[in-house]
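> If you want the building blocks of each chain, they are given just below.
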Amino acid sequence: MLERSIKPEPQKGIVFEIPEIEKFELSNGLKVFLVKKNSLPIVQFNYMTGSGSKSDPENKKGLAYLTALLIDEGAGNLSALELDNEIESLGSVLKVSCDHDSLSITLLTLKEHINKSFEIFSDIILRPRFEQDDFNREHKKLLNKIIQAGNEPSYVADTVFEKLIFESSNYMHPAMGRKETVENITNQDVINFYKNNFYADNSALIVTGNITKNEIISLTGGGISDLKTGIIDEPKFESLKPGKGKIYFVHKDDAAQSEIRVGHITNGRNHPDYFAKLLMNTILGGQFSSRLNSNLREDKGFTYGINSGFYYNKVSGQFEISTAVQSQNTGAAINEIFSEIKGIHENIFDEEIEFAKSYLIKRFPSQFETYSQVSRQILTLVHYNLPDDYFNTYIGKIEGTSNQDIKNAALNYINMDELKIIVVGDKNIVFDDLKKFNKEIIELDF
Amino acid sequence: MKEILNIDYKKHVLSNGLEVILHKDNSLPLVAVNLWYKVGSANEVQGKTGFAHLFEHMMFQGSQNVPKEMHFKYIQEAGGSLNGSTSNDRTNYYETVPSNFLEMALWLESDRMGFLLPALTEEKLNNQKDVVMNERRQSYENRPYGLSWEIIFSNLYPENHPYHWPTIGWMKDIENYELDDVKNFFKKYYAPNNASIVIAGDIEYNSSLKLVEKYFGEIPAGDLVKKPTPEKQELNETRKIVHEDNVELSRLYLVWNSESLYGKDDAALDVLADILFGSKNSRLIKSLVFEKQIAHEVSGFQYSAHLNGSFLIIATAKPETELNEIKEVIFSEINKLVNDGITDEELARSKNSNKSSFIYSLQNLSTKADLMNNYNTYLNEPNSFHYDYERINNLKSEDIINAAKKYLLKNYVELNIIPKGK
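Protein sequence lines, in the order shown, are assigned to chains A and B.
Each residue of the first sequence is one higher than the one before, starting from 1 at the first, in our numbering.
Each residue of the second sequence is one higher than the one before, starting from 447 at the first, in our numbering.
Read the hints as simulated data drawn from the structure, not as lab findings.
Keep in mind that a hint or two might mislead.
Said to hold, decoys possible - In silico DSS-like pairs for lysine-lysine, Cα to Cα no more than 30 Å straight-line:
| # | chain 1 | residue 1 | chain 2 | residue 2 |
| --- | --- | --- | --- | --- |
| 1 | B | 660 | A | 7 |
| 2 | A | 179 | B | 866 |
| 3 | B | 764 | A | 60 |
| 4 | A | 314 | A | 397 |
| 5 | A | 31 | A | 314 |
| 6 | A | 12 | B | 633 |
| 7 | A | 7 | B | 634 |
| 8 | B | 842 | A | 116 |
| 9 | B | 764 | A | 140 |
| 10 | B | 629 | A | 300 |
| 11 | A | 141 | B | 570 |
| 12 | B | 866 | A | 140 |
| 13 | A | 141 | B | 782 |
| 14 | B | 618 | A | 300 |
| 15 | A | 342 | B | 660 |
| 16 | A | 145 | B | 726 |
| 17 | B | 633 | A | 7 |
To be verified - Derived coverage of chain B by chain A (criterion: at least 3 residues anywhere in the stretch with Cβ under 8 Å from a Cβ of chain A; other residues may be distant):
| # | segment |
| --- | --- |
| 18 | 468-481 |
| 19 | 581-588 |
| 20 | 660-666 |
| 21 | 688-696 |
| 22 | 700-707 |
| 23 | 771-780 |
| 24 | 788-801 |
Yeah, the Cβ is synthetic: ideal placement off N, Cα and C, and Gly gets one too.
Starting from the given sequences, assemble the full structure and let the hints guide the process.
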């Protein structure tokens with residue numbers, strides 16, 4: 001019999017070369033980031049503007065999102081259906097997405113169809129049609145999407161959480177908007193949003209795949225380099241102070257589980273403590289073997305899963321613990337969450353830190369496997385304006401974070417008194433449990 | 447296409463019956479390890495449903511030489527990612543790790559194949575029963591439209607058919623799992639001769655095969671498993687089920703018995719699905735969402751499993767629309783397609799999308815490894831990428847029309863999910 005009791009050690013080191021990023025500008029100043037990847041005849045383009053739903057006018061929340069829904073519904077000489085037919089017939093994949101800080105258009109194409117695909121992609125960016133009929137259809141679709149999302153307990157919890165965390169700032173509103181704000185939006189609003197936010201100066205083009213700088217320049221020559229330049233007014237962001245932690249409750253009839261969110265506002269992505277927070281959170285709730293998941297799932301069986309994270313928008317961030325638990329265990333689960341936060345304030349063991357460092361460092365190469373993974377890495381770089389050598393110094397920064405830095409991150413960036421607790425569940429089952437926490441409980445409608 | 451879809455491999459069968467498939471791809475210092483156990487929910491019996499899925503949990507709870515919680519931890523510490531999934535016919539377990547950790551991955555996989563039971567305790571079982579019940583609450587009970595799946599399949603297949611119950615199992619069965627039953631299920635199905643392993647990535651053929659021999663070679667073969675062989679499934683009547691849920695938009699499901707995976711009409715049904723609801727220009731989306739504007743969204747697919755297939759059309763109504771109105775349009779579009787055929791443009795569009803998605807799917811080692819296991823299991827040839835692509839590329843218009851005629855003009859299951867109290 002083979003001796004199996006000892007875990008085999010890795011045979012040798014591995015060599016991983018961080019992909020090189022070529023950076024250049026088109027004639028109009030649009031920044032292009034190119035990563036060559038030649039394993040398959042594929043090219044992925046990501047066009048990103050630095051405007052998203054944070055730029056929505058006060059009574060028209062959802063405008064950026066609706067613009068994203070409409071921007072590929074017809075462009076240049078093509079109607080909505082013609083455009084989609086062309087893209088499908090080329091076998092290309094086109095996606096538009098929108099969040100608080102950005103609106104992105106992604107094109108994945110085979111190299112053999114790059115000219116035609118890119119022509120349509122450019123038309124979408126430069127010459128969207130925004131016809132009234134298409135507006136009427138997509139406007140109704142968005143209103144129905146909002147109804148549907150409101151039936152998802154997890155969406156309700158996320159949305160209420162964001163609203164409470166970012167109260168009074170542009171980040172407090174869901175990207176989709178709300179029924180009453182979306183109803184105010186007209187096609188002219190969409191056209192204006194497009195005009196005011198699609199500038200070369202606040203956009204970037206990220207290209208990954210089997211393509212050279214010269215090919216990109218000749219592709220964009222007749223198209224994207226026409227994108228006009230101009231200055232965008234960045235919407236104001238009030239710097240927020242988290243208040244005293246309270247419990248917020250939304251009732252859902254016959255809910256089979258309670259959705260729970262716990263957290264508060266934190267500072268932004270570019271803060272020097274980023275890596276200390278990342279390592280600390282890896283131990284607390286950032287992966288399967290974390291303290292939170294080991295306790296609430298693998299020990300107590302309260303949930304299918306629980307995680308925590310520091311999530312960042314452009315100028316700020318949030319610390320958030322997220323889970324769904326059986327209704328009867330709602331109070332017990334919140335208790336365990338508190339005790340894990342107390343625990344991480346009190347002590348972090350050296351072997352946990354070694355594990356977290358090993359986890360983050362060794363998985364680094366796997367983050368560059370697919371074309372969209374590579375693009376996403378570059379997008380992060382551009383979006384948060386991270387230094388050019390970010391990937392080259394990544395491993396060194398993790399190695400160089402001291403145990404004390406990591407312990408301080410827990411103390412400095414998770415504040416027990418300021419934690420907001422959101423519960424979406426069945427009042428009849430969970431409410432008595434919540435009263436036991438001696439915190440103010442505020443009931444909300446969604 | 448032939449060249450790019452030609453995925454080189456070496457295959458070897460160990461003396462205990464374990465099939466080993468190796469594929470070398472040195473583009474990154476990573477290796478994907480992918481195990482298929484030829485056991486799924488179809489191997490379960492009424493009263494004990496969900497066992498195959500339960501093992502997707504128990505297999506991560508440690509084995510004789512791997513303490514509880516350490517399976518995940520060792521792989522994560524090495525920078526790997528890991529998971530598993532359960533279907534009607536098989537369960538897969540997989541991880542992608544930096545290539546110098548291949549031996550550790552094989553040690554972990556072999557320990558849970560050969561030495562799981564000594565470490566499988568009542569306490570672990572009770573804990574994971576709770577976790578699975580919470581998975582069920584989260585993904586089924588508490589999710590809008592979440593119970594549709596099990597309502598459809600328990601009506602489409604009679605009670606004694608192995609596809610009658612959901613892969614996660616009925617809640618009352620999960621509550622009552624007994625340790626002895628669970629152990630017996632493992633003994634029966636988790637043997638090397640009921641499994642295959644694909645190793646794809648930055649590897650050397652000879653040394654990798656030696657490592658597989660070293661860790662898996664001494665695990666004894668199990669008794670040969672009898673495969674479920676239900677009779678060919680035909681619905682003898684059309685059934686309509688109305689179910690109230692916590693939703694505001696009603697949803698219609700129409701489901702037919704169809705062709706099994708890699709069966710004669712399977713590819714034609716894939717293309718039929720694409721032509722009916724695969725893109726904005728597809729027949730039903732164009733008609734219901736763009737022209738008549740009575741549906742919020744339309745989707746569906748040819749769901750082909752090993753023993754049987756089913757063809758699903760799913761349409762969510764706008765708040766002001768009745769489901770019957772949508773249903774009428776769907777049937778009139780089906781009849782139009784059967785009577786008037788499809789255009790060359792529709793067929794070409796579908797074929798081109800198919801071609802690119804094949805190439806896109808090669809980006810990811812784990813996807814490639816899983817496909818090789820799939821091809822090996824059902825086609826007995828791991829390098830069937832080009833064959834699979836040609837299944838669609840060789841289709842003619844008549845094939846699509848004939849498939850629609852053969853399957854969609856028969857009895858079906860209709861499910862209406864409607865708002866509570868409406």
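> So, for every hint listed, does it hold in this structure?
Hints, one by one, checked against the model:
no.	hint	in the structure
1	660/B - 7/A	holds (14 Å)
2	179/A - 866/B	holds (21 Å)
3	764/B - 60/A	holds (23 Å)
4	314/A - 397/A	holds (21 Å)
5	31/A - 314/A	holds (19 Å)
6	12/A - 633/B	violated (36 Å)
7	7/A - 634/B	holds (28 Å)
8	842/B - 116/A	holds (27 Å)
9	764/B - 140/A	holds (9 Å)
10	629/B - 300/A	holds (23 Å)
11	141/A - 570/B	violated (46 Å)
12	866/B - 140/A	holds (23 Å)
13	141/A - 782/B	holds (27 Å)
14	618/B - 300/A	holds (20 Å)
15	342/A - 660/B	violated (46 Å)
16	145/A - 726/B	holds (17 Å)
17	633/B - 7/A	holds (25 Å)
18	468-481	holds (count 4)
19	581-588	holds (count 6)
20	660-666	holds (count 3)
21	688-696	holds (count 4)
22	700-707	violated (count 0)
23	771-780	violated (count 0)
24	788-801	holds (count 7)
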